[in-house]
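First to last, the sequence lines map onto chains A and B. Letter 272 of the first sequence, counting from 1, is numbered 384 in the working numbering, and no numbers are missing. Letter 125 of the second sequence, counting from 1, is numbered 454 in the working numbering, and no numbers are missing.
Just so you know, the hints here were simulated from the structure itself, not pulled from any lab data. Please note that a few of the clues may not be correct.
Cross-link-like lysine to aspartate or glutamate pairs, in silico, EDC-like; alpha carbons within 16 Å at most [stated by the list, open to error]: (1) Lys351/B <-> Asp136/A; (2) Lys355/B <-> Asp117/A; (3) Lys150/A <-> Glu498/B; (4) Lys405/B <-> Asp117/A.
It should be emphasised that the depicted structure is a prediction, and the values quoted were computed from it without experimental measurement.
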Amino acid sequence: MANSDFYRLVQPGGLNGGNRHMLDILHTDAMPWAVAPKLCFEHTFTWRDLRSADAVEQEDEIEVGGTIVAGNHSLVFEDASTGVELVTLTHVVHEDTVTIGGTASDGNYDTVFDALTPPVRVRTVRATTPATNANIATQHAADINDLVATALNGIVVSASANSAVVTIVYADGIDPQTLTCTETTATGTITASVSATASTVAAALEALIEDARGADEPLEDYVDDESVSTDTITVTYVPGVQVRVTEDFPGTSTAAIATVNTATLPMGDDGNLFYANVAVDGAGILRTIAMDGVTTIEATVGDAGAPAGLVTTTDLTATGFAETIAATEFVEHFEAAFSPVVTVTADGLFADLTAGEFVAQVFYNPVPNVFG
Amino acid sequence: MANSTFPLLIGARNGSNGGVVKALGKGRLQHAWAPRFWWYQKFDIRDVQVALDADTSQRFDLHTHNPDNLFPANVKRSMPLFFLSEVFDGGSISACAGILGDANDDNGLITTTALGQGETLTYKASTVGAAEYAPRFEAAFIPQLGLDTTGGNISALTTGIVWVAIGFEPVPGLS
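Okay, chain B solo, but in the shape it has when bound (with noise of 0.2 Å):
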């Protein structure tokens, strides 16, 4: 059986943009819209609803972090990124990196990636390689912030925000 031709033309400057946004509205599209959307969290040192570690190694559950922000469930995960805005930093510390995964992989979606003294605050370059970096549906997923420092423990920095964002696709729901 033959497939069927997509019934919209799909094109950037001739109006198609539009006739797609009207389509989606007036239902005329059979197939369920699933745009990208991103989770995104802003992660400051000073806001953390925990203990710091007198330690150079601490993980971050971001639900319990900000509660009011939890990650969707039954989505299809994509892309992670960090957006750094201030670097981590305080008292003897020479150097922070971060990872981000969850509980069961801590560097799944992002690998080490420097953080502390010196970094450009920026977006900071994917790290493909990560074990669970391809995209993947998710029925609960909590995201997970790692930071490990150098010349200090976590419980010396004071400064440090960085933005933590994770692409998802909605996938249908039962009806």
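Chain A extracted, bound-state conformation (with noise of 0.2 Å):
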């Protein structure tokens, strides 16, 4: 039994006078076929919808590292709406450590404080006694400790000595010190390290944000969770807040601080939803404004169970129409219930944009809905 052919009723055609004649046929209900047209569930988001996002996500890692010195390592949190600073949290590194080795000889034993004006010396002087490494290690913290009151007063709280290693405890809040140590003998050897390093740095700072993130503490309806792994501390935020991290560590201690903003937009409002049994036909992000205050900012379209079902990651910085042939539910497929959402994800806080605007398109096609 042969086809019948469509136009017979009516030929498509554009000048010929086809598109009336179409029109014409689907007024009268000669077509025996339901027509459906295509269309298009819409929603324009700008930048300004990023800022004050309510579903927005935050989540920092900062990474501590570079040569730790003594001093105060510091971590400023700041309310990124509103500009206003919520808590300064300082770890102070301020001890060092002076390590006698080799084979211990007679001669001098110097820990210079050279970055004092002028310079101060301590020198341990062996000739015979104090005799082992741990006695010069011993006599050189109670010479450091002879200069707490005067030459090295209010940099030096105190010295000790444990086995080889003498511990250097500085004041609070004094800027880093350089020690240059040197020793006169054949073999032995003093040598002057900062016993602090980016993991327990970090440790103490976690614990910081720990305890600020507490009932009636600053962070309290800020920061959600945190967590530390060797050097680097995770701080994951209340949803709907933005917060400006920056650090101010000493010398060439440094803290590397990665932040992302995630927002899970849902298409349309309560006066315009998507259509319950429909086949969703393809999406796409109609860029018409470059985002512009973040380095990258990137798009997903798709639902809850697949956010980049329709539209996989594409970059707001750029401008035209974007879509994504390839992603999982772009064909055209039945949708008893689809609730679309755009996810959007920035490497740094949506409170620094400046501009941008897209369109989320998702197209569908109505299904014939009245059985007889």
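With the hints as a guide, bring both chains together as one complex.
Here is the structure:
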């Protein structure tokens, strides 16, 4: 049995009246098939929507590194929406260690605080006594303590020895100290180092953050959780807030702060819902104004079950229409109850955005719903 | 040579849809309008024009089922869809599945979809992985519905209604 030609009824055409004839036929119900126009469900989002998004989620990674020196290691937390400082958390590294090594020999073991003006030298002389490296360390600590009230006043609070290691404790709030250690023996050695490491500094700061998010503390309404792994602190924030974190580390101590903001934005609103029981037929993002203010900002389109099912990661710092033909749900398919969402991720704070606009578009075809 | 810009505003609630209909009616768009249509057919097991097989599998030519509702020739065929209106059941049958395709590929459009006892009366999920699911031009497509039963033969079916819908878009005919 031969199929009937569609254009026995109407011949689609442009300027030959075919389109008008198609409309006329549709009005008369002479067409045996149901017409279902392809429609576009769209939602425009601007940079302001992201700055004020209730569903913003932020996570920071703070990686402590560099060569740790003595001094105040501070993280400053600020409400990015208001610019108000929330709290400054400071861990003071104020311990240096001086290690006596090699084979104990007669001679001078010097530790010079050479950043002071004038530099202060602490000299321990070995002439048979003190005999061992541990003895030299004990004497060296005592020699340092002798200057605590005078030349090292306000700089060093105490020195102590444990085996061959001297630990020097500094006063809070002082600038980083530079120690130069030299000895004039053939086999003995004296070296200085900071006892703190990136891991210990990270752990200390993580503990301070945990305290600061306690009840009635400055970060209570901002920080949801924090953790530390080796030298990296991970901070997750309460949904809806944006927090700017800056570091104030001394000398060669470093902190690299990586911030990620993510917003899940439902398309439509109470007066404009996506229809039930339709055939979703592809989607795209029309980027009308490039986003500006952060380095990287990207969006996907999908639903809660597959946030990138319709459009995969798309750069919002560019302009023009973007689609992802290979997206897992791009091909036309039936959806009983589809709730489209746009997910935007930036490598900085949405609060720093200064421009940008895009239109998320989901195309769909109504399906027959008249069953006699 | 640069592409020309589409001459109409396409938007949601700014009156542009009315403008589009007007432009179509007055022949102002120089390209052929090819709206999406749905061919759809009710398949009631009680109304089939052929004998039901004493077998657990049978294929039904939907042009034979309703010669007054033929799938149009020379169109771009697109998405298929089942709407289950009444479960397929009867005798000792415990399950019944439906497929959709044509004589060359009986599940090319819709792969195995449960239509029997316990199934919800509603639209059924698309099977986008079906071999011929992707839209394509069809000169003469004859839809074929397939039923496969468990626990009893097709001939034991006493109830079952499924609506079969297949989208299509016309293509310009030769002037």
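_Indices of hints not satisfied (ascending)_ = 2
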